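Chemist: Modelling step: build the complete structure from the supplied sequences, incorporating the hints.
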Amino acid sequence: KKAVDPFLKKEWYKLQAPSMFANKDFGKTIITKTAGQKIASEGLKGRIVEVSLADLQNNEDFAYRKIKLCIEDVQGYNCLTNFHGMDMTRDKICSLIQKRQTIIEANGDVKTSDG
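Mind the numbering: the sequence shown is residues 1131 to 1245 in this note's numbering, read in order.
Treat each hint with caution, since some may be false.
Said to hold, decoys possible - No farther apart than 30 Å at their CA atoms in a straight line, the calculated lysine-lysine pairs in the DSS-like style are these:
1. K1196 x K1154
2. K1132 x K1154
3. K1196 x K1158
4. K1175 x K1140
5. K1144 x K1198
6. K1131 x K1154
7. K1175 x K1163
8. K1241 x K1175
9. K1139 x K1163
10. K1168 x K1131
Derived from the structure by calculation, the hints contain no laboratory data. Since we're looking at a predicted model, the values are computed, not measured.
Modeler: Structure follows, in structure tokens:
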């Protein structure tokens, strides 16, 4: 049996950030091509992508913040994303905690004016 390169069955899609960020295109993602009933764009929707805020804002001062973006829609080979969450890098969290202290993490749902 002849070995087939698995990347021949893949397609690359561009990731586009929401308009609130300075950098529009921030990366690419890969998925298996549409075949039969399995549509590639449906497999992309709902994916969570984690990217550094420094890459989105072109400012290295925000390198410790990680932004999670969810793929909402696919137009051609462009994936449109929406904000899904924010986190901090491990080294930043460790620098905030001093000896003999503990961290208390809290999650909260916030209602914004735009819905």
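Chemist: Next step is simple, just say for each hint if it's right about the structure.
Modeler: Each hint, compared with the structure:
1. Restraint check: the Cα-Cα separation between K1196 and K1154 comes to about 16 Å, which is no more than 30 Å; the hinted pair holds.
2. Annotation: proposed proximity of K1132 to K1154 is violated, straight-line Cα distance about 41 Å (limit 30 Å).
3. Annotation: proposed proximity of K1196 to K1158 holds, straight-line Cα distance about 17 Å (limit 30 Å).
4. With a C-alpha separation of about 16 Å, the suggested pairing of K1175 with K1140 holds against the 30 Å cut-off.
5. Pair hint K1144 plus K1198 holds up; C-alpha atoms about 16 Å apart against a cutoff of 30 Å.
6. Note on K1131 and K1154: the hinted pairing is violated, with a Cα-Cα distance of about 44 Å set against a maximum of 30 Å.
7. Restraint check for K1175 and K1163: satisfied, since their Cα atoms lie roughly 14 Å apart, inside the 30 Å limit.
8. Proposed proximity of K1241 and K1175 is supported: the alpha carbons are some 24 Å apart, at most 30 Å.
9. Straight-line distance between C-alpha atoms of K1139 and K1163 comes to about 6 Å, which keeps the hinted pair within the 30 Å bound.
10. Of the supplied pair hints, the one linking K1168 and K1131 holds, its CA atoms being roughly 26 Å apart against a limit of 30 Å.
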